[in-house]
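Build the full structure now, drawing on both the sequences and the hints.
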Amino acid sequence: MIVASPLQPLEDLLRHVLNALHSVGLPWAWSIVGLTIIVRMLLVPLTVKQIHSMQNMQAHAPQMKEIQRKYKGDRTKLNEELMKFYKENNINPAASCLPLLAQLPVFIGLFYTLRHFAKNPPGGQAAIDRGDFSWLHFVPDITKHANSHWSGYVLLTIYVLSQVASTYFMSGTMQKSQRYLMMILPIAFIPFILRFPTGLVLYWMTTNLWTVGQGLITRRLIPKVAPPGGPSPSGPKRSSRTPPKEPPPPDAVEPAAEVPAPKQSNAQPRRVKRKKKARR
Amino acid sequence: MRYMGVAAVWAYRFTLAPFLGVGQCKYHPSCSQYAIDAYKEFGFFKGTLLAGWRLLRCNPWSRGGVDYARDQRVFK
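In order, the protein sequences belong to chains A and B. The first sequence begins at 1 in our numbering and counts up by one. The second sequence begins at 1 in our numbering and counts up by one.
Since the hints were made in silico from the structure, they are not lab data. Take the hints with a grain of salt, since some may be wrong.
Stated by the list, open to error - Footprint (simulated), chain A over chain B, 3 or more residues, beta carbon under 8 Å:
id, region
1, 35-47
2, 53-59
Said to hold, decoys possible - Derived CB-CB ranges, DEER-like:
id, chain 1, residue 1, chain 2, residue 2, range
3, B, W53, A, F138, 46 to 56 Å
4, A, P62, B, A7, 35 to 45 Å
5, A, G123, B, R73, 47 to 57 Å
6, A, W30, B, D71, 42 to 52 Å
7, B, L49, A, G131, 41 to 51 Å
8, B, G43, A, D12, 32 to 42 Å
9, A, G131, B, A7, 42 to 52 Å
10, A, I190, B, F75, 37 to 47 Å
Stated by the list, open to error - Pairs of lysine to aspartate or glutamate residues, derived as EDC-like cross-links and limited to a Cα-Cα distance of at most 16 Å, are as follows:
id, chain 1, residue 1, chain 2, residue 2
11, A, K77, A, E66
12, A, K87, B, E41
13, A, K77, B, D67
14, A, K144, A, D129
15, A, K87, A, D74
16, A, K84, B, E41
17, B, K46, B, D71
18, B, K76, B, E41
19, A, K49, A, E66
In this text the structure is predicted, and so the values were computed from the model without any measurement. The beta-carbon is built from N, C-alpha and C at its ideal position, and this holds for glycine as well.
Structure follows, in C-alpha cells:
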C-alpha cells in the first residue's frame, strides 16, 4: 500500500493507455505488448546515442585493452583509469542509470494494474469466460499467476532466455563475475516470478526481446574497425565527435604567421568558442 | 539509521537490479556504490539526497567520470 499510493497517478496513466489500446480493438494481452513497445520506442533516441558512443569506443578499443591489461588486479583502479580515459578522449559512456530506472515505475505500475485487473476484471467473469484476457490461444488468462497454467511456464522460459540474452547484450564492459550474477539471478527468482500475473511476464518478455533485437541491430551497425594490437589511427578518433577541430587550425595558423602578434591572440579565443559550440 | 539506507541499496542490488539490467554506470563508482558510500558517510537523509542527485546526474546528457561521494559539494 505504501508503495502503491505515490504510484497511483502512474497506475492510472498506464490503465488509460491500456484502455486506449484496448478500445482500438487490441485484446488486453496485445495491449500490454503495445504498451511495452511504446515505452521502448520512447527510449529509441537514447539507443541512437548509445550506437554513437559504441562506435567511438570501438575506435579506441586497443588503448582500452591496454589499460585493462595494466590494471588487471585492481578493479577499482581499472574503472577509475577507464573513466579518465573516456574523459580525455571525449567518449561518453552509453550506459546511464536514469533511463533504466525509468522503467521501474512502469514495471511496478503494471504490476498493480494487473493485480487490480485480477481482482475486478473489466467486464467481470463474463469477460474472462469470453477469453478477453487470453493471448495467442494458449494463455487463457493473463491476470492469473504464471503458475496457474502450463502456458505460464512457456512464457517464463522465454522470459528467462530473453533476460539472459539481453543481459549479455547490455553488459558491455561489465566484470565477468557481475555478468554471471546478473544472468543467474533471474533463474533464482523463478519461484517468485511464478506468482506474478502472467501479463507482467509478458511485459518483461517483450521488453527483453526488444533489447535483444536492438542489440543485434546495433552490432550490425558498428563496424569492427579497431586493428588488434597496434595503436589506433588518429583518423577515426577525430572523425566522430569533433569534426570542426581539424579545419580551423590551418586557417588560423597561416594568416597568423604573416600578421603581427595581436591578431594571433584574437584568433585563439575564437577557436575556443567554436569548440564549445561544437560540443553541445 | 544510516545502515538502513545501505541495506536498502543491497536489497535493490539483489532484487530489482537484475530485472532492470542495469549493468553499467557511466560514473565510477556506480550509482549504487555511490549511494552506499553516501549513506555511510553522510547519514540517511543527506545520503538519500546525494544518491538521488547522483541518479539524476546519471543521464544520457551528462559526461560521466570519476565521482566519489566524499568529494561531493552539495553539503559543506
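Each hint, compared with the structure:
1. 35-47: That given contact is violated, which follows from only 0 residues of the region 35-47 of chain B lying within Cβ reach (below 8 Å) of chain A.
2. 53-59: As far as the region 53-59 of chain B goes, the hint holds, because 4 residues have Cβ atoms under 8 Å from chain A.
3. B:W53 / A:F138: 46 to 56 Å: holds, 47 Å
4. A:P62 / B:A7: 35 to 45 Å: The hint (35 to 45 Å, Cβ to Cβ) holds, given that A:P62 and B:A7 are roughly 42 Å apart.
5. A:G123 / B:R73: 47 to 57 Å: holds, 56 Å
6. A:W30 / B:D71: 42 to 52 Å: 49 Å Cβ-Cβ, so the 42 to 52 Å window holds.
7. B:L49 / A:G131: 41 to 51 Å: holds, 50 Å
8. B:G43 / A:D12: 32 to 42 Å: With a Cβ separation near 35 Å, B:G43 and A:D12 satisfy 32 to 42 Å, so the hint holds.
9. A:G131 / B:A7: 42 to 52 Å: holds, 45 Å
10. A:I190 / B:F75: 37 to 47 Å: holds, 43 Å
11. A:K77 / A:E66: Distance ~14 Å between A:K77 and A:E66 Cα, so the pair holds.
12. A:K87 / B:E41: At roughly 27 Å apart (the allowed maximum being 16 Å), B:E41 and A:K87 break the hint.
13. A:K77 / B:D67: holds, 13 Å
14. A:K144 / A:D129: holds, 13 Å
15. A:K87 / A:D74: violated, 20 Å
16. A:K84 / B:E41: Distance of about 25 Å is beyond 16 Å: violated.
17. B:K46 / B:D71: Holds - the C-alpha atoms of B:D71 and B:K46 are around 14 Å apart, at most 16 Å.
18. B:K76 / B:E41: With a Cα-Cα distance of about 13 Å, the restraint between B:K76 and B:E41 holds, given a limit of 16 Å.
19. A:K49 / A:E66: Given pair A:K49, A:E66 is violated - Cα atoms ~25 Å apart, limit 16 Å.
Figure legend: structure checked against the earlier numbered hints; hints not met, in rising order: 1, 12, 15, 16, 19.
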